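Working from the sequences, and respecting the hints, build out all of it.
Next come the chains, spelled out residue by residue.
There are 2 protein chains.
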Amino acid sequence: MGKNQNEFVKEITPQGEDFSQWYTDVIKKADMVDYAPVKGCMVIKPYGYRIWELIQAAFDKRFKETGHQNAYFPIFIPESFFCKEAEHVEGFAPEVAWVTHGGGEGLPERLAVRPTSETMVCAMYAKWIQSWRDLPVLINQWCNVVRWEKATRPFLRTTEFLWQEGHTAHATAEEAEEETRRMLDVYAECVEGTLAIPVLRGQKTEREKFAGAVRTYCIEALMRDGRALQAGTSHNLGQHFAKVFNITYLDKNDQLQYVWQTSWGVSTRLIGALIMVHGDDRGLVLPPKVAPLQVVIVPIGPAGKREAVLARARQLHQELQAICRVHLDDREEYTPGWKFNDWEMRGVPLRLEIGPRDMEKNQVLLVRRDSGEKCAVAQDDLAKTVQDFLAEIQLLLFERARRFREDNTHQVADKEEFDRVMENERGFILAAHCGEDSCELHIKEQTGATIRCLPFTAEPVSGRCVYCDRPAQQWAYFARAY
Amino acid sequence: MGKNQNEFVKEITPQGEDFSQWYTDVIKKADMVDYAPVKGCMVIKPYGYRIWELIQAAFDKRFKETGHQNAYFPIFIPESFFCKEAEHVEGFAPEVAWVTHGGGEGLPERLAVRPTSETMVCAMYAKWIQSWRDLPVLINQWCNVVRWEKATRPFLRTTEFLWQEGHTAHATAEEAEEETRRMLDVYAECVEGTLAIPVLRGQKTEREKFAGAVRTYCIEALMRDGRALQAGTSHNLGQHFAKVFNITYLDKNDQLQYVWQTSWGVSTRLIGALIMVHGDDRGLVLPPKVAPLQVVIVPIGPAGKREAVLARARQLHQELQAICRVHLDDREEYTPGWKFNDWEMRGVPLRLEIGPRDMEKNQVLLVRRDSGEKCAVAQDDLAKTVQDFLAEIQLLLFERARRFREDNTHQVADKEEFDRVMENERGFILAAHCGEDSCELHIKEQTGATIRCLPFTAEPVSGRCVYCDRPAQQWAYFARAY
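Here the protein sequences come in this chain order: F and Z.
Take 0 as the starting number for the first sequence in numbering that gives the first Met the number 0 and just add one per residue.
Take 0 as the starting number for the second sequence in numbering that gives the first Met the number 0 and just add one per residue.
These are computed hints drawn from the structure, not numbers from a lab.
This one's a predicted model, so the numbers in the text were calculated from it and none came from an experiment.
If a hint is listed, it holds; no wrong ones were tucked in.
Heads up, the list lumps identical chains together, so a pair's fine if it works in one copy or across two of them.
List of simulated lysine to aspartate or glutamate pairs, DMTMM-like, C-alpha gap at most 25 Å:
1. K251 / E331
2. K126 / E10
3. K63 / D329
4. K251 / D341
5. K60 / E188
6. K63 / E52
7. K304 / D328
8. K251 / D329
9. K149 / E78
10. K251 / E332
11. K60 / D328
12. K60 / D30
13. K414 / E435
14. K83 / E148
15. K28 / D250
16. K63 / D133
17. K60 / E318
18. K28 / E331
19. K126 / E332
20. K126 / D341
21. K28 / D133
What follows is the structure, given as structure tokens:
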């Protein structure tokens with residue numbers, strides 16, 4: 000990253016040949032992102048940013064429906080605030096960018112460019128919260144954050160990225176736990192329902208939890224190369240921050256109590272997941288709900304018939320605008336074939352072709368990006384037909400990804416099988432684990448796999464740890480991860 | 000700023016007594032904003048942020064309708080990029096915050112926290128633009144920016160603020176000029192139509208133009224204390240940036256040409272304008288289109304009748320939800336009178352009261368925030384009635400602000416009158432001016448007034464400069480400004 004990689008990508012490297020290169024080819028060719036001339040930073044181009052807007056809209060709607068309000072906290076956090084919670088600063092300090100000069104002068108205290116806003120939010124909550132009447136506080140913020148990363152990759156891991164961070168304060172431990180789980184469910188629902196990405200829900204181990212949290216829950220998705228990607232996290236912060244920031248309230252009995260807190264976030268990383276879950280060797284495949292364009296109309300007009308075809312295409316375009324995001328590609332300088340490839344590469348769910356023969360038959364040809372299937376359909380009631388197709392594609396993409404994940408989830412009983420799966424097939428391994436940090440670390444060193452989550456719904460565990468001789472304590476999903 | 004001013008503001012200082020204190024009281028009491036524990040930074044609280052979301056939605060819609068797409072550029076700009084355009088760096092360098100350390104190490108080059116993104120955008124446009132086919136490029140970004148300010152005030156001037164910045168590139172000078180003017184008109188239309196704030200359109204003088212622009216156009220609004228506020232600017236950048244960033248394209252004759260550029264922005268400052276244009280001694284007055292709550296229902300249920308009234312209030316609430324942002328205030332711990340004051344202070348356009356007598360008469364009482372007027376209206380067809388009221392309030396607020404501006408705009412012929420107006424009445428002065436920078440500066444030193452803009456539509460000017468003996472060259476609007 001940081002090199003000028005703007006040269007036109009002529010072909011997309013097949014996934015099977017080099018998945019990582021495939022990813023780089025696709026994000027460049029589909030015009031989603033570019034490398035910025037700042038170490039580890041990306042420019043999100045309009046096509047990529049539009050996807051983010053659609054993702055934001057879906058999540059924001061659910062946040063509001065679940066009682067949250069948006070707000071905005073400063074990007075700069077004084078070092079003294081940032082350092083108050085010991086675990087938190089230990090986790091984040093190595094990744095912080097520091098502002099040391101402003102307005103032509105050296106600053107008396109360094110300012111952290113927020114890597115996450117718990118400390119700033121808590122400083123404000125300590126002022127805002129006085130009484131049980133002030134609780135719960137349910138606030139979310141959409142913003143940029145900065146984490147100094149060594150190895151970066153657009154959308155997946157960049158120095159600056161866009162995200163939302165929810166921060167809530169509650170009167171009781173139970174309410175905070177309930178909120179933490181509720182928001183995990185909201186995440187799962189949005190990621191599955193809107194991005195068509197199936198996710199596993201579970202709890203992070205101590206090793207993988209958020210720096211400063213009591214417990215971290217997460218949703219985990221499986222990419223087409225068999226690696227997992229953490230798609231969202233929801234943290235129960237307990238009273239860790241409340242105690243160091245002194246966030247207290249008078250309860251109904253006039254007793255001073257510390258609040259209980261949560262925080263939760265998803266980021267532009269979700270766009271990376273979207274690409275790697277649905278994409279294929281011809282490029283991007285976008286679920287209709289987050290596709291900047293859901294339908295592209297390509298008129299096919301040979302000499303003499305061009306005007307008539309184009310006129311009808313314009314009518315259809317207008318008709319479809321009422322029900323979907325549709326674009327009429329009437330450029331004369333490109334052939335239909337070139338356009339087909341171009342829009343396929345950009346992942347548009349549905350292509351609508353119309354030529355002189357279609358005109359005669361009062362039909363159009365719909366071509367699905369997900370399956371390549373071509374269907375001649377009547378021009379009458381086209382809006383309804385297109386809506387049905389889009390709904391079906393949305394469902395099918397989810398179903399296909401779910402099946403892929405199932406096919407690539409292995410329940411494993413011993414170390415040999417564990418090693419073999421991680422070496423050859425990848426995917427998720429579900430196995431019994433001893434719960435020891437040292438074993439978890441050993442597995443990571445041996446196989447590259449980490450515990451992605453401890454599932455909520457697993458059956459009682461018995462027997463021995465899949466990797467060591469200790470008694471099993473928990474079920475765990477393992478995978479190599481992004 | 001920076002002090003803890005969270006203590007409950009019991010009364011709002013009257014505007015006539017101390018306008019500046021009135022402003023501070025209102026933003027605190029209405030729960031819009033708080034001072035952050037970082038010099039010059041603000042926390043935008045949910046009520047204030049919701050207004051920003053509504054403003055964003057109105058502008059974003061118009062940007063998209065005029066062909067613009069959103070994107071995201073990095074917050075960090077390497078010092079070497081930032082310094083390329085001489086005028087630009089001279090204008091902005093004194094206000095820059097610098098990142099010098101990241102990931103635990105000193106950086107080889109300082110990074111500016113963007114005060115504005117022209118230089119970063121231009122670095123990317125130089126890569127993206129090759130041919131006339133790539134033009135125009137019409138991109139907008141919603142983001143945070145940082146300008147190190149000495150004297151700060153929430154919404155009006157803060158170290159960090161939220162804004163949008165449009166950045167476009169064109170094949171010809173004419174197209175760039177057309178875009179610059181188009182976006183000024185979009186701004187005027189949104190500010191007048193959505194925020195109900197009348198604006199003057201015009202051009203900035205050399206002294207007041209954007210650092211690096213050929214020409215800056217602006218919209219200027221008049222606050223209720225007689226001071227002007229720049230509500231948005233649109234810059235024709237000419238080829239200034241194109242030449243230093245080498246942004247070129249091959250035209251249709253295969254000749255290499257520099258592009259012509261524009262940039263334009265509005266910010267959270269607009270919220271400050273909203274407060275100071277419409278607010279009164281009882282607090283905030285919000286135009287319905289940007290009011291987080293357009294209607295608040297206050298049930299008035301004496302003992303014994305409470306449940307029946309509340310039940311009907313709930314029905315009305317549900318009915319109105321389909322057509323407006325409505326809230327039912329059913330809190331038992333506050334009296335109706337307390338609620339009236341509270342919602343008035345928060346600027347809710349319409350209050351709906353319902354009590355036992357209203358129930359009997361099948362009516363409700365609507366109380367307008369703008370005029371205090373109370374109208375008993377039938378419960379039948381209430382949605383339609385409420386919609387009409389909201390539309391009327393929106394128009395009336397604009398009309399009232401327009402009249403205020405007209406009453407406070409003085410066409411002035413000589414220095415004595417100029418001085419007198421600026422000393423006593425304030426408001427806008429329209430006068431003939433010599434066009435000399437030294438005279439403009441002299442006026443500022445003598446009266447505190449600056450040239451807000453040179454109007455587009457003024458009649459031919461003749462005679463002498465209002466403030467010096469030189470021949471007049473232009474009409475100008477003067478005012479003291481925020």
